[in-house]
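Asker: Protein sequence lines, in the order shown, are assigned to chains L and U.
With this note's numbering applied, the first sequence covers 1 to 413.
With this note's numbering applied, the second sequence covers 414 to 663.
Treat the hints with caution; some may be incorrect.
Under the rule of at most 30 Å between Cα atoms (straight-line distance), these lysine-lysine pairs were calculated in the DSSO-like manner [claimed, not checked]: (1) U/550 with L/124; (2) U/663 with L/208; (3) U/453 with L/288; (4) U/550 with L/45; (5) L/124 with U/575; (6) U/658 with L/356; (7) U/580 with L/207.
What the hints contain is simulated information worked out from the structure, not anything from laboratory work.
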Amino acid sequence: MARWITGNTILSSPESLVKYGLLGGIGYSLVGAFSIFMFGTFANKIRFRFPDVETIGDVFQERLRKDGYWLMTIIILFLGLDSLFMQAVGAAVLFDLLFNIPFTVSLFFFFFYCFIIAGLGGMKWIQKFEGISIFFIFAAIIFIPLYFFIQEGAFKVYDGIRLYHPYLLFAKNHEAYFFIATFMLVACGQVLTDRSTWQRLYMIEQKKVRITFWSTAFVWSTIPIALSAMLLIVIFEGSFGETYTLLFQLITKIDPIFLSVLFFLFCFGALSTTINAEIHATTIHFIKHIRLPLKSSMTDQQMRKESYIFSGLLLLFLLIVTHFAKFTLLDFLFFYGHLYAASIPVMLIIIFSKRKISRLLPYSIIAGWLISVTLFGGLTSLQTIWISFFLSGVFSVLSMLFARVEFSSRYSK
Amino acid sequence: MMPLESFSLYVLICVLAPLVGAFTLSFVMIFERQIDNLQKEASKLALEKELQHANYDQLNQQIQPHFFFNTLNTMLSLARLDRKEELIKGLEVMAKFFKFKYVTHASLIKVEDEIAYVNNYLDIQILRFAERLEVTKNVEAFCENALLPPFMIQTIVENAFKHGFEKNMGPARLKINVYNSDGFMYIEVWNSYFIEPINEKKEYSPQEEGYGIRNIQKRLDLLFPEQVHYLNMRYIGDETLVEVKFPLTK
C-alpha cells in the first residue's frame, strides 16, 4: 500500500484540487482507488495465466518476441522514470522549504539513504520501512486536520476559501467530470504498467491477492481526501504561487512542534517508500530484462554488482535533473498520461489474449501517443489522452489481425 | 456555489476518512494472522484426516489380503524350493515395506523416501513376477529432496499391478519418471496394459478410479488449494499413463 501512497498523490492532488475544485480532490481519490480495485479484480486471473513469473518483464518474455519485447521493456523503463522523477521533485521542494542549506546537499543525503535501503538492502529492508511509513502517514492525516478544524472551525476556512478561491466551491464543473474520467484512464494504465505493483502481485499469497488489492484500494482512497482537507488549511488565508509546493507549506502553518515533526515524517515516509519501491523495481527490470538478455553469462554476483551501480547512477541522474526542473506538474502528468492511456489496450491484449502476439503490437503505444500529440495539437490534453487511447486500441487490433497473417504465412512456408 | 453546510460535511468526511482507513487497515493487520491460522488449522485437520484415510486404506484395502497371501505363497514356494537367499531377501523387504507403512504420519515426505518404499514393494513383486516384470525408473537428482504426499507413487504403482499386470498375461513393463520443470514436479507412471477397455479419446477423471487415486487427488487439493495441480490417466499407444503435476516444494 505504501507503494501507492506515493509522492504522486502528495504532488498531484493539490494540482487537481486547485484546478478542478473540491470535486477534483474527491475525484482524485476515487480514481486511484478504482484503478487499484480493477487491478485486484484481474489479479487472480493474471496469477493463474502466468503462474511462473515474478515481474512484468517476465510476462513480456513469455508473450512477446524480438523487437516487440525490447520496445515494451524500454517503454516500461521509461514509464518508471516518470514516477521517480516526481518523487525527486517532491523531495527537493520539501527540503528546500525546511532547511536553510542548498537542497542539493539535503537531497544528496536523502538519496543516499534511499540507495542504502533500496539499492543495498533490497526488498526485505523496503518492507520493514514501509510499515513505519504507513504508521506516520496515517498519524499525520488523522491528527493534523482534526487538530486544525477543531481549533479553527470549518466556518473560518469556508469564508477564507470563498474570499480567495471561490472557484473551488463550484460543483457544476463539467471539466472536472471529464478530468476525473480521463484521469481514471491514465491511472488504470499506470497500475497496469507499474513494475512494483506487478512485483507485489507475485509476493502476496495467491488466495489473498484479490482481497489485499481491494482493501488497499479502499484504505488508499481515504488518503487523498484527507490531503485535500490539509490543502484547504494552507490556502484559505491567501493566494498561492506554485501548486506543487502547496502541501509542503503546511509545515509553516502548523504550530505545535509535535504536528510539524509528524508532518515532516509523513512527507519523508511517503516520498522515501515510493522512491525505494521504484528504484528497486526499476533496477530489477533493467538488470533482469535489459542487461541479462544482452549478457547472459552474468553470474549472480555480477548482477548484484551491476544493480548497485545502476541504482546509484539512477539516483545521481535524478539529483542532477531536479535542478533543471521547471514545469507544471499537471502538464508532466498529461505528457505521461498519453503513454499510460495508449499502453492500456496493449497490456490487456498481452495479459488476456490467448492468441500469439504480433511483434508489431507494442508499436501501437508509440503510434497512438505520437499521432495524438502531433496531429491533434489543437485539442486539449484531456481530449488527446482519449485519442491516444483509442488510436492505440485500433492499432492493437490491427496488429493482432496482422499477427494471423504473420504466423499463418510462416507455417505455410 | 457550495453552501456552508455542504462544505462542513465535506470537511467532516475529510477528517473522518483517514480514521476509517486506519481502522480498516488495523483490523486487517490484526485479524489477518488469526484468520490465516484458523484456515491453516482447518486445512491441517482435514489433511490429517485424509492421511488417516490413506493409512487406513493402505493397511486395509490396498495391501489386500490377495497381495499379502500371494507374497506369503511366494515365500512358501521359495522355502519349499530351498532358495534360502531369495527367501531371506523377500522377508527383509516385506518387513521394511510394512514398517514404512506404519511409521509414516507426515503430510509430506521426501521423494527419495517414497522411491525407497516403492523399491521395497517392487522387490516383492519381482519375486512374484520374476522375468515377466521389467522396471525402469528415472528420478531427476534435483527432485530427490523435493517433497510429495506419502504413498503417492506407491498407490499408482499398486494400481498398475492390480488392474494391469495381474489381470493380463505377457511381459509387464513399468516405467516411473520423476522430473521438474518451471517450478512444478511431474510424476509419470507408465504401464504396458490398458487398465480399462480401450478408448483412445477417453480422458479418465480421478473420480472414476478407485479410492487410492481419489485419495491422492483429495490430498493434492488440500495441499495446494490455490495452485495448479492435477492427476489424470490417459492412454498413449498401447500403454496407460498416470501423470501427476503439483508445485515443487522443498
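Asker: State the violated hints by number, sorted upward, taking the hints as numbered earlier in the document.
Answerer: Going through the list in order, the structure violates hints 1, 3, 4, 5 and 7 and respects the others.
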